[in-house]
Amino acid sequence: MAMDSLSKEKFEELGTYIDSLPSKKGELIRVLHRAQGIFGYLPKEVQFFVARKMDVPTSKVYGVVTFYSYFSMTPKGEHNISVCLGTACYVRGAEPVLEEFKKQLGISCNETTADGKFSLNALRCVGACGLAPVVMIGDKVYGRVTKDMVKDILAEY
Amino acid sequence: MAEIHVEIDGKKVTAAAGSTILDVAKSVGIEIPTLCYMKLHNTEYKCQPASCRVCVVEVQGRRNLCPACATPITEGMVIKTTSMRVLQARKMIVELLISDHPNDCLTCNKSGQCELQDLARKAGVVNISLSGKKQSTYEVMENKAIVRDMSKCIMCRRCEKMCSNIQSVHALSGVDRGFEAVVGTSFGEPLDNTVCVGCGQCVAVCPVGALMEKDDTDAVIKALADPDKTVVFQTAPATRVAIGEEFGLEPGTDVTYKMVTALKNLGADYVFDTDYAADLTIMEEGTELIGRLTKFLNGEKTALPLLTSCCPGWVNFYESQFPDMLDLPSTAKSPQGMFGAVAKNYFAEKLQIPREKMFVVSIMPCTAKKIEAARDELKADGNPDVDVVLTTREAARLIKFANIDLANLPESDYDNPLGESTGAAVIFGVTGGVLEAALRTVYEVLEKKTLPSIEFEEVRGFEGIKVATISIAGQDINVAVAHGLGNARKLMEEIKNGNPRNLHAVEVMACPGGCIGGGGQPYHHGDGDILAARMNCTYEIDEGKPIRKSHENPAIQALYKEYYQKPGSEIAHKQLHTHYTYREKY
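Same order as they appear, the protein sequences are chains A and B.
Residues in the first sequence are numbered consecutively from 29, following our numbering.
Residues in the second sequence are numbered consecutively from 55, following our numbering.
To be clear, the hints were calculated from the coordinates, so they are not data collected in a lab.
Just to be clear, a hint being listed does not mean it is correct.
Below, a list of computed lysine-lysine pairs in the PhoX-like style, where the Cα atoms sit at most 20 Å apart [unchecked claim]:
(1) A/Lys81 / B/Lys639
(2) A/Lys72 / B/Lys639
(3) B/Lys550 / B/Lys502
(4) A/Lys53 / A/Lys36
(5) B/Lys276 / B/Lys318
(6) A/Lys104 / A/Lys53
(7) A/Lys168 / A/Lys145
(8) B/Lys433 / B/Lys639
(9) B/Lys318 / B/Lys502
(10) A/Lys81 / B/Lys550
(11) B/Lys550 / A/Lys88
(12) A/Lys52 / A/Lys88
(13) A/Lys53 / B/Lys544
(14) A/Lys88 / A/Lys72
(15) B/Lys65 / B/Lys134
Since this is a predicted model, take the numbers as computed values, not measurements.
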């Protein structure tokens, strides 16, 4: 899977995207965002490629990737679960929900299940505070989630 | 510039707009402790993240204390630098810093030179009542030159600023965020896999023991104690104007011959001079330059400008950064490399001992020299030409270990024949010096007459990039000098883009000021005057030398007669020259 996920076609796609930018200056985060969209994550090889192509130091790319929690250096599962820990979600009980996901899946945050099906991460505010606590799986949003709902939610996949 | 009036600790002061509180305090002799802040005048180095908060002061009318290093003065500002509130806050800040710092001062190599240690004493910290999570889980990372122990890091980012802004190397970056944040390499790769050139400028500015040179003194002690080894020392040009500082002497004190005595007292069999090899380098590199210039003037294709190759940080830099330009550097080995080759071939033969029984120790102002000495190109059948490299700091440590007080020693001469040198050799230690030394010889060889003025002022001083045109044999020779790898990068980009200034020869030294500011020198703690004093002292030594041109060194002349025949001969090429390889790095 690792080899496949770093296919030549994907690097070509990313290269074409970078070449299409009017200027490379100040575009690193945008490019990394796109790269994560293409590869699903940002392994060393991809960061090195971006650094060379953008003519920025590799250390700077790595610094940016590790600074923003959005970027991931580990492959995401087929379904990525994001539990919002923003203020509203947190006070309405997001933490026990996150703990329940960890328990059910047997993984911690920023990890992927052994079968590659689920990955789990916590994020800050998805802009749906009225539905707090919020969980996103892929593009699907679950609102007013409680600990007891976790098992059923997972069963959908 | 507009003038601003402020009151600081009761003193009325007028200062230029844009000055910081710290600048103003300094101008009237008020000392405000700093930690993350560092500014090295004479160079462009400045680190001012205002992150440590040690320099906080009280400004009337402001609710919070503010960092003196980063707060510009405003009209009518009333500043207190020693109020009880300030002192207590500072003490608390230092206590917090120390609460996440290993308590191993007794065995830390930085002890006595550590700015955090000094600060703790100054701030009156006698007890750390705070406890909490510690960042002491980082693995120590080291290569042949540098040891990084991030558990001691205080996140001042001085190293990163130096590596990125001044050196343009970018081996380091802030990694992760919050409590986990650390200064690290790309992907946590070992230093050797990264673009790190080993210059050690990160070590030179680290306030604590997080960054240190790799200590190789033990290997030297073992060799000195081994009756089977003939231990041969060589001392680099820039060490003699700096090592005295470690023994309480004023910066810029010439201790050349006291250092020789100290090394002899340690038990060295021979104490020789890298300066001798610097003269030899001029013969080889100068001949190469003349060869390329002659070809160029005859309209033949040749690689110009010739780049100097004495500086190992610089060599590592172009090998990883400029793969298309590896035909430009001189193939001449560095003086350290040449000395090793001469010692283990010519001199070992003279002593009639196998090279394995000779142990060559270099005293260098440099951490990258440790990496250079380990190169395969500087070995014969696996045996290195230079066995161990000690930085100036390590040499001082070793001398102190042997209870020798260098400052109060009588003077001794270098041994012969590898101890004789000229004024042209000693200036290898300062930016512009290698080129000046080369010009002294190239001029006389091509003009076949004596130089009217031996001093090339245009290539001296601290300016980042110096350019000069010298008329030799009816031809304008354009030369450039860069110190600090950021300046070198600018020159290299220029050359890559068509060499518009038509440069014929370029000297680069990786460290600000040249080797006098090397990563292995006694710590300057941000005092640029120390570098200036070392530079002046170097030129004074040159002036005081009876012979000031490399080609007039009688020992070098004899060496060619006896052994190498002539510069650029086949045997000279085999032993005194090297080659370069592209090394792709993170």
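Quick rundown of the hints versus the structure:
A distance of roughly 15 Å separates the Cα atoms of A/Lys81 and B/Lys639; the hinted pair therefore holds under the 20 Å criterion. Straight-line distance between C-alpha atoms of A/Lys72 and B/Lys639 comes to about 13 Å, which keeps the hinted pair within the 20 Å bound. The suggested pairing of B/Lys550 with B/Lys502 is violated, with an alpha-carbon distance near 34 Å, which exceeds 20 Å. Only pairs whose Cα atoms come within 20 Å are accepted, and A/Lys53 paired with A/Lys36 is rejected, the gap being roughly 25 Å.
For the suggested pair B/Lys276 and B/Lys318, the alpha carbons sit about 16 Å apart, so the restraint of at most 20 Å is met. Among the hinted pairs, A/Lys104 with A/Lys53 is inconsistent with the structure: their alpha-carbon atoms are about 29 Å apart, more than 20 Å. For the given pair, A/Lys168 sits about 16 Å from A/Lys145 by alpha-carbon distance, which is consistent with the 20 Å threshold. Of the supplied pair hints, the one linking B/Lys433 and B/Lys639 is violated, its CA atoms being roughly 24 Å apart against a limit of 20 Å.
For the hint pairing B/Lys318 with B/Lys502, the CA-to-CA distance comes to about 41 Å; that exceeds 20 Å, so the pair is violated. Distance check on the hinted pair: A/Lys81 and B/Lys550 sit about 19 Å apart at the alpha-carbon level, within 20 Å; holds. The straight-line distance between the Cα atoms of B/Lys550 and A/Lys88 is roughly 24 Å, outside the 20 Å bound, and the hint therefore fails. Straight-line distance between C-alpha atoms of A/Lys52 and A/Lys88 comes to about 14 Å, which keeps the hinted pair within the 20 Å bound.
Among the hinted pairs, A/Lys53 with B/Lys544 is consistent with the structure: their alpha-carbon atoms are about 19 Å apart, no more than 20 Å. Annotation: proposed proximity of A/Lys88 to A/Lys72 holds, straight-line Cα distance about 13 Å (limit 20 Å). Taken as a hint, the B/Lys65 and B/Lys134 pair is honoured in the structure, with Cα atoms around 10 Å apart against an allowance of 20 Å.
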